[in-house]
Amino acid sequence: MSKVAVIGAGYVGLVTGACLADLGNDVTVVDVNEEKVALLRRRQIPFYEPGLAELVERNARAGRLTFTASYADAVPGAEFAIIAVSTPEGEGGEADLSYVEAAAASIAGAMDGPLIVVNKSTVPPLTGDKVSEVLKKHNAQHPATVVSNPEFLREGSAIQDFMHPDRIVVGSNDREAAERVAGLYAPLQAPVLVTPNIYTSEMVKYASNAFLAARISFINEIAWISERVGADAKLVAEGMGLDRRIGSAYLDAGIGYGGSCFPKDVAALAAVAEQFNYHPELLHAVMDINRDQRMLVIDILREALEELPGRVIGLLGLSFKPNTDDMREAPSVDIAKVLLAAGAEVRAYDPAAIERSKQLLPGVVYTNDAYEVATGADAVVLVTEWNEFRQLDMARVRQLMRRPVIVDGRNIYDPAALKGLGFTYRGIGRD
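Here the sequence shown is numbered in this note's numbering, starting from 63 and rising by one per residue.
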């Protein structure tokens, strides 16, 4: 059992802390937000993630997981301090490392002996060097070794991803320190990649997210072409995915990616490239296609309804993906803002994200279920592919709507079946 301090009680930090505690470690999660700490001490989770509340409750009750707002309560005596704070997108697309640097300074101020400091926050290459400099500046007395250990957690399935990972990646300029961090995950019996320096590990995370984002933008461009030549983009993707060299993951045409990772990570990687005087054309194309894809919904609605002022538009789903309440970079935000600015009335329902959405979209009318969204609507847009939307009584939806226009932003419905019910159906890259 190891004594671990996790810095940051956000999505990555809380999931990491709870899972490491479940593996038998003594974990203290630090967050400077005292209200959040008080909430966690009452076993209340500040965001939605399936299974996390139960995991926190179990390990807190067992005494393996505690929460504090004080670094002095967590860092002294710890073997590992894991930095899992936010790295938001800066004005020029670069990653804002101010929270990471502040965490490193606070760790240094609380150290009472040798320590391995782990960068789990998503950070660009060369960040490990900056963290080392901060640690030395604020505590020259005790040695601290920095290790990169990027997270690969998907919102909505984070606990599964942590406990059954495809791989563990660790990297450091100190091989022994990297292997000690890898040892934290030994009970998982997962493949481990120990990189020969810290920069390679840092790059793995950015390259992975950029590649997945590129697949999404690629299939969305294929969808645009498919629709114009009379092909069905969903079946095109299925045919591609049957090729073992390609696979089917992240080949779902739709209204683009969102969330806390892909948008800022692609932008940050592009910013890193530009710092070294390289123009990352592919990365910029990925971002441009994703941005344009959101506005495709507006174009479809204008075509189907002839005009937007006074129209009632319903949105099914608000979060950027199912099984989370995360609204960061959610396509629903851009779509709703454009519709409201055009004079449309926007109604919306989401199983988990309504409270967060109210802060971002106060002009939207929020409903209790999908059928209330459809009542009197001129069009309904499927924005987030929650499972409950797959099970709707579409005949009932058709009866409730004023005009039966469905924009299937995630291609989850059968076009022929909906047309048979009398809907005007528009998908992404399919008719």
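Everything labelled a hint here was simulated from the structure, so no lab data went into it.
Be a bit skeptical, because a hint or two may be false.
DMTMM-like mimics (lysine to aspartate or glutamate), calculated; alpha carbons at most 25 Å apart, straight line [claimed, not checked]:
(1) Lys-192 with Asp-223
(2) Lys-383 with Glu-336
(3) Lys-192 with Glu-116
(4) Lys-383 with Asp-493
(5) Lys-192 with Asp-228
(6) Lys-383 with Glu-368
(7) Lys-383 with Asp-350
(8) Lys-199 with Asp-228
(9) Lys-98 with Asp-135
(10) Lys-65 with Glu-151
(11) Lys-420 with Glu-434
(12) Lys-199 with Asp-223
(13) Lys-481 with Glu-300
(14) Lys-198 with Asp-223
(15) Lys-383 with Asp-294
(16) Lys-192 with Glu-163
(17) Lys-198 with Asp-228
(18) Lys-399 with Asp-455
(19) Lys-198 with Asp-294
(20) Lys-98 with Asp-88
(21) Lys-192 with Glu-141
(22) Lys-481 with Asp-350
Simulated restraints, written as ranges between beta carbons of each label pair [to be verified]:
(23) Arg-465 with Phe-338: 32 to 42 Å
(24) Arg-465 with Ser-219: 30 to 40 Å
(25) Phe-338 with Arg-120: 38 to 48 Å
(26) Gly-154 with Arg-216: 21 to 31 Å
(27) Ala-479 with Ser-132: 50 to 60 Å
(28) Ala-457 with Met-63: 50 to 60 Å
(29) Asp-350 with Ala-124: 25 to 35 Å
(30) Gly-154 with Ala-252: 51 to 61 Å
(31) Ala-124 with Ala-479: 29 to 39 Å
Note that the Cβ used here is the ideal one computed from N, Cα and C, for glycine as well.
So, going through the hints one by one against the coordinates:
no.	hint	result
1	Lys-192 with Asp-223	violated (29 Å)
2	Lys-383 with Glu-336	violated (30 Å)
3	Lys-192 with Glu-116	violated (37 Å)
4	Lys-383 with Asp-493	holds (23 Å)
5	Lys-192 with Asp-228	violated (29 Å)
6	Lys-383 with Glu-368	violated (29 Å)
7	Lys-383 with Asp-350	holds (20 Å)
8	Lys-199 with Asp-228	violated (37 Å)
9	Lys-98 with Asp-135	holds (16 Å)
10	Lys-65 with Glu-151	violated (32 Å)
11	Lys-420 with Glu-434	holds (17 Å)
12	Lys-199 with Asp-223	violated (36 Å)
13	Lys-481 with Glu-300	holds (22 Å)
14	Lys-198 with Asp-223	violated (34 Å)
15	Lys-383 with Asp-294	holds (23 Å)
16	Lys-192 with Glu-163	holds (8 Å)
17	Lys-198 with Asp-228	violated (34 Å)
18	Lys-399 with Asp-455	violated (28 Å)
19	Lys-198 with Asp-294	violated (58 Å)
20	Lys-98 with Asp-88	holds (20 Å)
21	Lys-192 with Glu-141	holds (21 Å)
22	Lys-481 with Asp-350	violated (32 Å)
23	Arg-465 with Phe-338: 32 to 42 Å	violated (53 Å)
24	Arg-465 with Ser-219: 30 to 40 Å	holds (37 Å)
25	Phe-338 with Arg-120: 38 to 48 Å	holds (46 Å)
26	Gly-154 with Arg-216: 21 to 31 Å	holds (28 Å)
27	Ala-479 with Ser-132: 50 to 60 Å	holds (58 Å)
28	Ala-457 with Met-63: 50 to 60 Å	holds (57 Å)
29	Asp-350 with Ala-124: 25 to 35 Å	violated (49 Å)
30	Gly-154 with Ala-252: 51 to 61 Å	violated (36 Å)
31	Ala-124 with Ala-479: 29 to 39 Å	violated (50 Å)
The earlier numbered hints that this structure contradicts are 1, 2, 3, 5, 6, 8, 10, 12, 14, 17, 18, 19, 22, 23, 29, 30 and 31.
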